[in-house]
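Our numbering puts the sequence shown at residues 1 to 77.
Note that these hints are calculated values from the structure, not bench results. Remember, it's a predicted structure, so these values are computed and weren't measured experimentally. Even glycine gets a Cβ: it sits at the ideal position worked out from N, Cα and C.
Here are the in silico distance ranges between beta carbons for each label pair: (1) Val-56 x His-19: 19 to 27 Å; (2) Val-8 x Pro-70: 35 to 43 Å; (3) Met-51 x Val-75: 47 to 55 Å; (4) Leu-17 x Val-54: 17 to 25 Å; (5) Gly-6 x Asp-53: 16 to 24 Å; (6) Arg-47 x Leu-17: 16 to 24 Å.
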Amino acid sequence: ADGTAGEVVGAVTSSALHHELGPVALAVVRRNVDPALQLEVVADDVRVQAMQDVIVPTDAGRSADVPRLPRLGAVRR
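Make a model of the complete structure from these sequences and hints.
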């Protein structure tokens, strides 16, 4: 996540050929990866440089106030 060469920071989940942009892909990338960091996708010994376009902000979900629900069968103390 700090830009170390060869570090795996995510996985491509789908890809397609866009009529204007060319090859595009969706990937799940760790939250702590700098959005400005240029990535490299490796598939079948082919390396392709990739840029990030953040869809979900890195801080999304961190501030959510999710109530803790009791577990089924849990003993109350």
